[in-house]
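Going line by line, the protein sequences match chains R and X.
Going by the numbering used here, the first sequence opens with residue 3, and the numbers climb by one from there.
Going by the numbering used here, the second sequence opens with residue 3, and the numbers climb by one from there.
Honestly, the hints are just simulated from the structure, not real lab data.
There may be inaccurate statements among the hints.
As the list claims (entries may be wrong) - Derived EDC-like pairs: lysine to aspartate or glutamate, alpha-carbon spacing no greater than 16 Å straight-line:
hint : chain 1 : residue 1 : chain 2 : residue 2
1    : R       : Lys114    : X       : Glu17
2    : X       : Lys114    : R       : Asp120
3    : R       : Lys136    : X       : Glu44
Note that this is a predicted model, so its numbers are computed, not measured.
There are 2 protein chains.
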Amino acid sequence: MNILPFLQSNPLGREMTKAHLWDLANAAIKKNYRTGQTIINENDIAEVFYVVISGMVKMFKASPDGREQTLYIFGPGEIFGVCAIFSDMVFPAGASALEESVLLTFKGDLVKDIAHQDPTILFNMIRVLACRLKESMALVELLALKDIPQRVASFLLMSTIKKDCREEAAVDLMITRREMAKIIGSTPETLSRVLKKLAMENMIELKGRRLRVLNRNALNDISRASVMY
Amino acid sequence: MNILPFLQSNPLGREMTKAHLWDLANAAIKKNYRTGQTIINENDIAEVFYVVISGMVKMFKASPDGREQTLYIFGPGEIFGVCAIFSDMVFPAGASALEESVLLTFKGDLVKDIAHQDPTILFNMIRVLACRLKESMALVELLALKDIPQRVASFLLMSTIKKDCREEAAVDLMITRREMAKIIGSTPETLSRVLKKLAMENMIELKGRRLRVLNRNALNDISRASVMY
């Protein structure tokens, strides 16, 4: 795989000069992870940040009694661990591979060097962080203020506003029902019931593991309605 | 009030040159807000970002049926609305003044101009966003995985790691019990019961509205324990 064009079309590389994209590409280290493999533990010192080339990564908080709350699921092109550009920050959550994944890692210091010549990369990182923060706030809202059907609709809508905070009309979700249930704080059974109902009303399309959002507006109505769906 | 020394000691101004601090100070517009006054609505286009001079601001998500989840409480020195440096982003949550507050506002464009001469301000903003994200993840964890006593302990610990992500040994919380209950998803009555118990065991000190954290380690044990406190 050629890293340069990958970075060029990535939110991280947006509007960067070719010379600085080369600096990034040359310093990137590719790493492979098996399904379930730990990428980083909560409170590890963050030394590198990550860009997903292929596969899927989850970021999560775990409780001492073994329960888990998924915070994010990152697919190809997504960036995480940006706090690595500071030498005194620790990773705020754990991350592991949901399936076989290939990641690019970049040392935090590299960004500093590039940024002092051209700050574009920092603007790109701020954009990524602002989107993460927005997703995080939406997750808090989902857990605190919404019932399960609203949560499902909200989660599906959030999934169509990923990478670079741009809205996509339709999106394919490839995560398992089990992972999705973990995010919205529901059981796989309840989740399946709600998904089937949404599919019957043509708001989504279900095909095995693949889930496709078809009607954002209708999902938006459910996500906002306080009446039971 | 002299804005320059205020900005100099603020996370936003960290390690910035005096010349650029002057640029910031000269462009700042001071605004006063009454208790309860709206500062910005969710989905408003973000044109300025804010630094709290005095008072207290809450950022929140509201549901159509009038329920509310507080996301953050910002006191003097804290920064919010950083997404204003991008012209295409909307504010991800509402913000209003919890008490009479004075805020400095800065146009997003200003940061771009300064950053192209010296990227320090962007590093400072990334640090602020990384801390917000960390707090946001902690709030998700709190709501999803913790019982009420654990939530209280976690919230108090989170409050000692504010501004600039630095840990403070003790911290004075000046928010009302009602606001605190709103953050942790509890009732003021239950919250008061837990706080009294913590005070009796000398983990915190209660004095009217003022709450002081005395023993971080003990709170940490409660926050992590899955046994009922």
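Structure-based check of all given hints:
1. Lys114/R x Glu17/X: Roughly 14 Å separates the two Cα atoms, so the pair holds.
2. Lys114/X x Asp120/R: Judged against 16 Å, a Cα distance of about 12 Å means the pair holds.
3. Lys136/R x Glu44/X: holds, 11 Å
Checked against the numbered hints above, the structure breaks none of them.
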